[in-house]
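Put chain L on the given structure of chain X with help from the hints.
Protein sequence lines correspond, in order, to chains X and L.
Each residue of the first sequence is one higher than the one before, counting from 1 in our numbering.
Each residue of the second sequence is one higher than the one before, counting from 1 in our numbering.
No lab work stands behind these hints, which were simulated from the structure alone.
Mixed in with the good hints, there may be bad ones.
For identical chains, the list gives no copy identity; a pair is met inside one copy or between any two copies.
[As the list claims (entries may be wrong)] Using 20 Å as the maximum straight-line C-alpha spacing, the simulated SDA-like pairs for lysine to any residue come out as follows:
#: 1; residue 1: Lys-667; residue 2: Pro-813
#: 2; residue 1: Lys-666; residue 2: Glu-280
#: 3; residue 1: Lys-749; residue 2: Ala-814
#: 4; residue 1: Lys-330; residue 2: Asn-726
#: 5; residue 1: Lys-176; residue 2: Pro-406
#: 6; residue 1: Lys-687; residue 2: Val-381
#: 7; residue 1: Lys-330; residue 2: Asn-459
#: 8; residue 1: Lys-687; residue 2: Gly-810
#: 9; residue 1: Lys-848; residue 2: Arg-576
#: 10; residue 1: Lys-843; residue 2: Glu-831
#: 11; residue 1: Lys-447; residue 2: Ser-614
#: 12; residue 1: Lys-852; residue 2: Ala-662
#: 13; residue 1: Lys-447; residue 2: Asn-613
#: 14; residue 1: Lys-838; residue 2: Arg-781
#: 15; residue 1: Lys-240; residue 2: Thr-742
#: 16; residue 1: Lys-687; residue 2: Pro-813
#: 17; residue 1: Lys-838; residue 2: Asn-780
#: 18; residue 1: Lys-687; residue 2: Ala-814
#: 19; residue 1: Lys-290; residue 2: Ala-662
#: 20; residue 1: Lys-447; residue 2: Arg-682
#: 21; residue 1: Lys-843; residue 2: Glu-213
#: 22; residue 1: Lys-209; residue 2: Gln-167
#: 23; residue 1: Lys-174; residue 2: Ile-540
There are 2 protein chains.
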Amino acid sequence: MSEMHVYRFGPNMTDGKADMKNLLGGKGANLAEMSLLDIPVPPGCTITTEVCTFFNENGKTYPKELDGQLKSALKDVEDRVGAVFGDSENPLLLSVRSGARTSMPGMMETVLNVGLNDFTRDGLIAQSEDPRFVYDAQRRLIQMYSDVVMEKASGIEPEEGMGIRNQLEHELEKMKEQEGVTEDTDLSATNLKDLVEIYKGKVMEVLKKPFPEDPWEQLWGAISAVFHSWDGKRAKAYRKIENIPEEWGTAVNVQAMVYGNLGDDSATGVAFTRNPATGENNFYGEWLEKAQGEDVVAGIRTPNPLNEICRTDHSGDLPSLEQSAPHLYKELDTIRLNLEDHYSDMMDIEFTIQSGKLWMLQCRIGKRNGPAAIRMASEMVKENRIDGKTAIGRVTPSQLDELLHPIVDPDVEKSTALLAKGLPAGPGGATGKAVFTAQDAVDWAAKGETVVLVREETNPEDVEGMRASVAILTSRGGMTSHAALVARGWGMCCVVGAGEMKVDSIKKEFTVGDRTIKEGDPITLNGTAGKVYEGELPLIETDISSDYLTHFLGLCDEVRKLKVRTNAETPSDAKRALDFGAEGIGLFRIEHMFYGEGSEEPLFHLQEMIMANSQEERRVALDSLFPFMKNDIKETLRAMKGLPVTIRLMDPPLHEFIPHDAKRQKKLANALGINTEELERRSEALKESNPMMGHRGVRLGITHPEITEMQARAILEAAAELTAENVKTFPEIMIPLTGMETEYNHQEKIVREVAAKIEGLDNYMVGTMMEIPRASLVANRIAETAEFFSFGTNDLTQMTFGFSRDDTGGFMPAYLELELLPEDPFASLDEGVCELVKMGIEKGRNTKPNLKVGICGEHGGEPKSVHFCHNVGMDYVSCSPFRVPIARLSAAQAVLNDEK
Amino acid sequence: MSEMHVYRFGPNMTDGKADMKNLLGGKGANLAEMSLLDIPVPPGCTITTEVCTFFNENGKTYPKELDGQLKSALKDVEDRVGAVFGDSENPLLLSVRSGARTSMPGMMETVLNVGLNDFTRDGLIAQSEDPRFVYDAQRRLIQMYSDVVMEKASGIEPEEGMGIRNQLEHELEKMKEQEGVTEDTDLSATNLKDLVEIYKGKVMEVLKKPFPEDPWEQLWGAISAVFHSWDGKRAKAYRKIENIPEEWGTAVNVQAMVYGNLGDDSATGVAFTRNPATGENNFYGEWLEKAQGEDVVAGIRTPNPLNEICRTDHSGDLPSLEQSAPHLYKELDTIRLNLEDHYSDMMDIEFTIQSGKLWMLQCRIGKRNGPAAIRMASEMVKENRIDGKTAIGRVTPSQLDELLHPIVDPDVEKSTALLAKGLPAGPGGATGKAVFTAQDAVDWAAKGETVVLVREETNPEDVEGMRASVAILTSRGGMTSHAALVARGWGMCCVVGAGEMKVDSIKKEFTVGDRTIKEGDPITLNGTAGKVYEGELPLIETDISSDYLTHFLGLCDEVRKLKVRTNAETPSDAKRALDFGAEGIGLFRIEHMFYGEGSEEPLFHLQEMIMANSQEERRVALDSLFPFMKNDIKETLRAMKGLPVTIRLMDPPLHEFIPHDAKRQKKLANALGINTEELERRSEALKESNPMMGHRGVRLGITHPEITEMQARAILEAAAELTAENVKTFPEIMIPLTGMETEYNHQEKIVREVAAKIEGLDNYMVGTMMEIPRASLVANRIAETAEFFSFGTNDLTQMTFGFSRDDTGGFMPAYLELELLPEDPFASLDEGVCELVKMGIEKGRNTKPNLKVGICGEHGGEPKSVHFCHNVGMDYVSCSPFRVPIARLSAAQAVLNDEK
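Bound-form chain X, shown alone:
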């Protein structure tokens, strides 16, 4: 820990800079950077994140040097502002805000107007000549401070609804009622002055302590409340979701107050240097006259548009800053361009106008949704602001995923009556049952329901419920409201500020005019357009062929080393995957033809084969099956035009295919010339205690070589026939579930013998699926004959853990809850499984240096797993068609990681 705990910022006295985020937090570092750029920032100082760590590790105490350093830094603030902290004539007021390395919106505390008491109040009234404003500031301080410092940071846990914050809010409402007004701003100075006294009394009554009048006591209380809040329940939950390390800590920024609510020529606003929802290169923001910043973010008042270009239907004829104060707008726009030039990225800024003077309170890299991230990345490359690799680093896989989200079918949407309209805060379409509390969202989702969380507005307590929902709908708040921020971060469908809606969370319903939507009623959201519909509208996949995306993924393709294939089994899937950029099929499950449409007849022949009592009977059934299989394979090979297609031989236990209904059983028995009792007996004989580890995969091919032979013939004859039609093909025959080289060799020999009898074969390969732990252990020997390895990490994960995926329900939730596992190993590759994959590749390549290696488990489209596949030197990953773009991006980012 360094000995410097306090860093100054503001005009002429700046100790920090942008790249000191770890020490100063994001807000503090950027305030310093803006100061260095001569952007007007109210002076202040940052207490480092190291102090936060010290505080929480040392029984809530501070390093001994802090007091002196803080006093000295505040002296410099006083000098620059020309006011004195605690002075009754010319008082300096301070804001105390958290600022961690990474933004944690709404998770930590802020206290404004610190230093205001009955004495400094009077000085300020004299100075500002606006008693209403000053009383309002004082009642805000009491309201905030008593909640954040006196109650929360002291660990008091009041009963539901009985917190000091609610009780003071109640007093405010009472006062408004008594005065017959609806808006806070309609209260007079006298009302507010009375309210200050009422507040103080209530604080004493509820918290059994007087509200502190000593400015320094206020300041230290506010600082400690911020540090306390790092350790709070909400913040911890958020960090868990966002994978933010506990040890980072937050900094505290102590800054001279500026007021957007001082008078008619005061205002406050939030803006983005480009549109964070679409990526368009337009200055985009919201502002409110006579308001503090919190008012915009909290979504209590519907904000005004920053300029004409970002005016929407929703903005109505609210005044834009561009109209209301063109010179200030121009000054802000200049800062905007200055910041973009400096940071080469889209910035999120907060500003306040105090009595006609513009101040910047914050600047940070702006959060953006997926479409915006990709458009900005693409356009900034074209503007020569950034290079391709930087662009790749700017888009997260989950942002890209947003583009791949379904949307509401536009044809259906066109003809469906709108229920309500709000702001388009999160992309894509979603449909689900309405629920009205976060807890209900969690509970319903746990029961397998798809839910849309409907709230007046969301707050940080709702995070878990938001996570459990497919979409969020609020009746209040703007694009920078809590719901909008969270949904954007998660790439989640979200509509906010649908003001026509009246949400009643007690009755669990909302109404729009005469329509009432009750808990459990289906609703549909178009998060891209901010539209809400009653009922369940059909969703369709988005068209991801935008020029920006094509350009962006092209940048990825230039960088990445991993090939990206897809798991597909039909010509239409194959074609779609090609559109998504797939470079082959990594997993074609031959048994897919026995599922779904058109499978009736081949399935029947398969059943005949399974129930056959002799090799001859089996061969007859296989012969009937053969033409179906050959044709099925042929059409997919044709669609892939010579790209490699890995076809996995039959894998599941045969018992899976046996008919269960009496009619089909009868038909099958008749075809076999046996009675149903005999059929039942044969079926019973196929049952297994642990079918996952039973007679399946290569084991079927060993005991029934004629099945392998038929499959090899179907694949290779299909390929040869296409070659004769001048269609290029590259089938790769994959033997599943291999654990020993002897198994593989046994099967490979059958395939080669079949191949030797087929004329006009183009290239083909034979290899194996690596999904049994033992295969990795003897990979050197398997690689002596196998031409490729494809890691089947679903089964490999099952066997490595001894977890049956179908049976983890009883304990996996507990494992994740207790953090025994960082995440579900079936979602993201586990390190133990990675160890086996690595070993398999190393041993395999020891034998055959050019061994082709890929992955075809579901992990092949999961970003962290793709990084692993890159690091471990695989040739390709394979994933479902919709994950192909994600894999392309992740593979490129893996290369970037290498270069770090």
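Frame of chain X; chain L shown alone:
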């Protein structure tokens, strides 16, 4: 390949010696060695095993030097014998015998009297003055040669019963019938002379080729027949069972004929320098006057006892050699002592007396059964012939296993009427259903039947059927008959030569007097006493506390480094294991108390616990269960007197314990205050698709920490109470199914918390069962907290292969048949699994160099696996009580292996 293909032996001209077995085969090397010891050996020469390999790899041709070398060696034989091969006046006759490195009784061919034709015959008649003997020799040559060389080596496969051997045998029987005699020896010279002509005609008729008269053609034919027979079906099957490599090959010994059937002062015999069935230090053997060696081995005539000490009831008053020819017996006894002094081991010898002159035809290390092997090893150490380590090397684990075989309950046996009496050819008792052909034995055994193979006499074609049986019973033959040799080698229960029995293999029955035993009727054999009983007699375990065994295992204990523990769960098992030499319990499965006798009440409480709907209900059930569990553990800890006892916490899926009968279900539902439908619903919820990989082991302890807590309390309180009684204890608490260090740590914390609350605890440990592949991969991290690892190789094998042990029936037989696996990996540790075990130990000891490591799977008592455990540096193996002596021996032999 060396250029010397032929090695001479016999008086004064010996090229080889005993340690050249690889090149000369066992017989050839030992003939050379005996020659060097001045023991009378008929001169001859050995064609090397390398020639066999050359022959079978080069299209049945010979190295070019062979012809010259063989001629030269035979010249030396002629010189020493004073006779000339093929000479019509003074002809030399030769025997041609196989001789591989290791004995393969009856598997390969022999041709005697080579060189005899119509011309040499007349010379021999003139010389021997015994035309009957010479004609008999000639008809034997034709009979043997036409079968072995002209038919078998030519690959002719006649129909069943239509082989030349049978057809000539038929002619012999016809001749005997025609002459009204019953014994071959009653045929006159004229009869035999006629038979020679009849034989020649039959050979021409059946094989369409004349019998070769050219002595050299005969010799080369005989040599090639031996080499052919190495490649024969029977020999291959035998090698597969005995794990003899194909590439060893056999040598061929060409030796001057001596005749045990030349006249009244001729004889032949087989002997052991000590009794091979009991190990007693007595000269033991059998002989026949006027016979060739084959007559003794084939068991066609019941042989005479060699001396008075080995006379049995069975020998009746047949003359012993000791009585009949005391000087020759004395000469033989001197050779016996000479050989034992020289070889320091029990030798198996063959001798022939020709016209009063003793010749040794063979000497080799004698096969012995288990009890004999152990007695000899022990006694030879006491006689200072060999040291302890040599003794350890002299006993195979399977020989030791024989001592551990069950025997017929002596009390029951005493009061049971004997059905028949034969020779005690294989140890122990056995009971099974009578079958009468080798094929039936195989078929019945495949259906899961336990069978005893009953034959008049066995032959090499029966080997597979013998293997499939639990015991063998023959009505003819002696202790050196085929059945006896094979059974002794396999340590199998066997009774031979039960002459009262009439075996009819066509009708599939045998009769003794008026009793008839049909196929499928149960019979019981006492192979140690040679007794046969009707019906199924109870078997009991043998008393293995003989002084020889105790001494022998003591020798093992001095050498071995591995500790040997046992898997046991009751005080009586624990005590038995201590008697067997166990040094602790390596696996005490806590759930055993819910199986078997006395489990009714604890099982009911377990069921209550499983079906409980809340943690409170579960705690109530656990409290009821607690006293049972504590007491159960306490008594076993008490029996083990401070030796380590590894107690594994509950492992199986809970669904296993749920009652299936309506009455118990009703009772359980009542106790829980629910109806049976609800019970059914809860039971259904516990069902799993793959219970082996489901909610069990540590996973139960994670989701239900109160179960772990109760078990820890039961174990540690039991230990503390014993400490208070001044009884030493050393419980090792084992967490099963661990795959992650986080799981282990979670459970360990519970155990430590329980321990902290218990006063007066002696030493205890907490560790884990290593049975999930992932555990080996992260063993370094598990070892940070775990105090010991115990490899559960049953489950580890399941997961490593992805083989559900319950479901391998569908493919494992095919895997073994196709040799995809060298053996069942659940019987002997697989190399892939070994790799994981090794990795686990290395990683674990990297973290904690003194980490205690053991094995508690069933492999812990399997010799090859024990060797692996030794090599990989485990501290102990643990196995079932009856395998403990095997483990002690194997552990000592592993040390011997190290020293090689």
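Cross-check of the supplied hints:
no. : hint                 : result
1   : Lys-667 with Pro-813 : neither (43 Å within a copy, 32 Å between copies)
2   : Lys-666 with Glu-280 : neither (64 Å within a copy, 70 Å between copies)
3   : Lys-749 with Ala-814 : between (47 Å within a copy, 17 Å between copies)
4   : Lys-330 with Asn-726 : neither (65 Å within a copy, 92 Å between copies)
5   : Lys-176 with Pro-406 : neither (46 Å within a copy, 98 Å between copies)
6   : Lys-687 with Val-381 : neither (59 Å within a copy, 57 Å between copies)
7   : Lys-330 with Asn-459 : neither (34 Å within a copy, 110 Å between copies)
8   : Lys-687 with Gly-810 : between (23 Å within a copy, 11 Å between copies)
9   : Lys-848 with Arg-576 : neither (34 Å within a copy, 54 Å between copies)
10  : Lys-843 with Glu-831 : both (18 Å within a copy, 15 Å between copies)
11  : Lys-447 with Ser-614 : between (47 Å within a copy, 19 Å between copies)
12  : Lys-852 with Ala-662 : neither (47 Å within a copy, 58 Å between copies)
13  : Lys-447 with Asn-613 : between (44 Å within a copy, 18 Å between copies)
14  : Lys-838 with Arg-781 : both (16 Å within a copy, 19 Å between copies)
15  : Lys-240 with Thr-742 : between (47 Å within a copy, 18 Å between copies)
16  : Lys-687 with Pro-813 : between (29 Å within a copy, 18 Å between copies)
17  : Lys-838 with Asn-780 : both (12 Å within a copy, 18 Å between copies)
18  : Lys-687 with Ala-814 : between (31 Å within a copy, 19 Å between copies)
19  : Lys-290 with Ala-662 : neither (76 Å within a copy, 77 Å between copies)
20  : Lys-447 with Arg-682 : between (38 Å within a copy, 17 Å between copies)
21  : Lys-843 with Glu-213 : neither (73 Å within a copy, 62 Å between copies)
22  : Lys-209 with Gln-167 : within (15 Å within a copy, 121 Å between copies)
23  : Lys-174 with Ile-540 : neither (50 Å within a copy, 94 Å between copies)
Violated hints, in rising order: 1, 2, 4, 5, 6, 7, 9, 12, 19, 21, 23; the structure is consistent with all others.
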